[in-house]
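Between the sequences and the hints, there should be enough to build the whole structure, so can you do that?
First residue of the sequence shown? That's 1 in the UniProt record's numbering, and the numbers climb one at a time after it.
In short, the hints are calculated from the structure, not lab data.
The structure presented is a predicted model; accordingly, all values stated were derived computationally and were not measured.
All residues carry an ideal CB built from backbone N, CA and C; glycine is no exception.
Accuracy of the hints is not assured; some may be wrong.
[Stated by the list, open to error] Between beta-carbon pairs, the in silico distance windows are: (1) Glu-73 with Glu-6: 16 to 24 Å; (2) Thr-26 with Glu-59: 33 to 41 Å; (3) Asp-55 with Gln-25: 30 to 38 Å.
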Amino acid sequence: MPLHRERGVDVTVNPDGWLVLRCGQTGEEHFYPPPFTVAWIALQRWGGNPHLATDEIAEMWQEDRSETFTAVEKWLDELRSAGLIRDDLS
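Quick look at the structure:
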C-alpha cells in the first residue's frame, strides 16, 4: 500500500544529510540520520511503495532484503504514529 506524507508536513535535508520532518500543525520537528534520508528518497522514487523502496535499499547496501524491510517498516510505524505519513487507502 503506497504511503504519502500527511498534509502540512515539511521535509528538508540538512547539509549533513539528516532528514528533518516538521509537522505544520504542531511545529514539532523529527530528525533522522542519513540512512533514513536514503530510505525517504527511495520511498519518493517508488511512489511511496515500501516494498520497492526496500528492494532498492537492500540491493544498494548489499543487505538482506527481509532484515532491511523489517527495519524500514519499524521506522514507518514511528512516522505513522507521529502523524507524519499515512497509508493510501484508495
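Hint check results:
1. Range check, Glu-73 to Glu-6: about 18 Å between beta-carbon atoms, so the 16 to 24 Å window is met.
2. Checking the proposed 33 to 41 Å range against Thr-26 and Glu-59 shows it holds: the Cβ atoms sit about 36 Å from each other.
3. Checked against the hint of 30 to 38 Å, the pair Asp-55 and Gln-25 passes, with Cβ atoms roughly 33 Å apart.
Checked against the numbered hints above, the structure violates none of them.
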